[in-house]
Amino acid sequence: MVTEQTRNAIWQELLDVARLVRYYEALSDQHRRNHLIVRFLLLAAAAGGIAALLDLLPAMAQLVAGGLVALLVAWDFVSDYAKKAAILHAISSECSAMEIEWQALWLELETIDDAEARRENTRLSRRIADVTGWAGQADIRENRKLNEECEKAAYRVMTDRYAT
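121 is the number of the first residue of the sequence shown in this note's numbering; add one for each residue after it.
One should not assume that every hint holds.
Cβ pair distances, simulated, as ranges [as the list claims (entries may be wrong)]: (1) Trp195 to Trp226: 16 to 26 Å; (2) Ala167 to Gly253: 38 to 48 Å; (3) Leu163 to Val198: 17 to 27 Å.
Don't read these hints as lab results, they were simulated from the structure.
C-beta: ideal position from N, C-alpha, C; glycine also.
Based on the sequences and whatever the hints tell you, model everything.
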């Protein structure tokens, strides 16, 4: 028999992992979009530089295009949006797999004992902490507003899915 305290702890973790899946995927999308914007601007600046070299643009445009290319290359190098997007996508995928495991645990609560439920919840909690730690190691900053939006969305979905 699983206690109400254990049941509540598992439910809270299930809600949290549902939020994390949405948050890290949205953050990944944001970084991917930033990467594409920087690359597009770099392409436009490089095209302007080529046009300036062919004397299709005035001398001032050559300076602007060259400076813009240098600035965008530096920005791309420092921000490393592509790497961060890939890491965030991997985190989201791992969180999604763990969400499935927590859902299975939630559905098994009637057939397992309290000690087993706590062990499994602890194991999953440790895994989620390890996986979400990858963001900090990659120097990815938290986006509080996005996190709050994903929390609301996750709670709506979970309420719809598990409402009795």
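So, going through the hints one by one against the coordinates:
1. For the hinted restraint 16 to 26 Å between Trp195 and Trp226, the CB-CB distance of approximately 44 Å leaves it violated.
2. Our hint of 38 to 48 Å for Ala167 and Gly253 holds, since their Cβ atoms are close to 41 Å apart.
3. Range check, Leu163 to Val198: Cβ separation about 19 Å, and the 17 to 27 Å hint holds.
Of the numbered hints stated above, the single one contradicted by the structure is hint 1.
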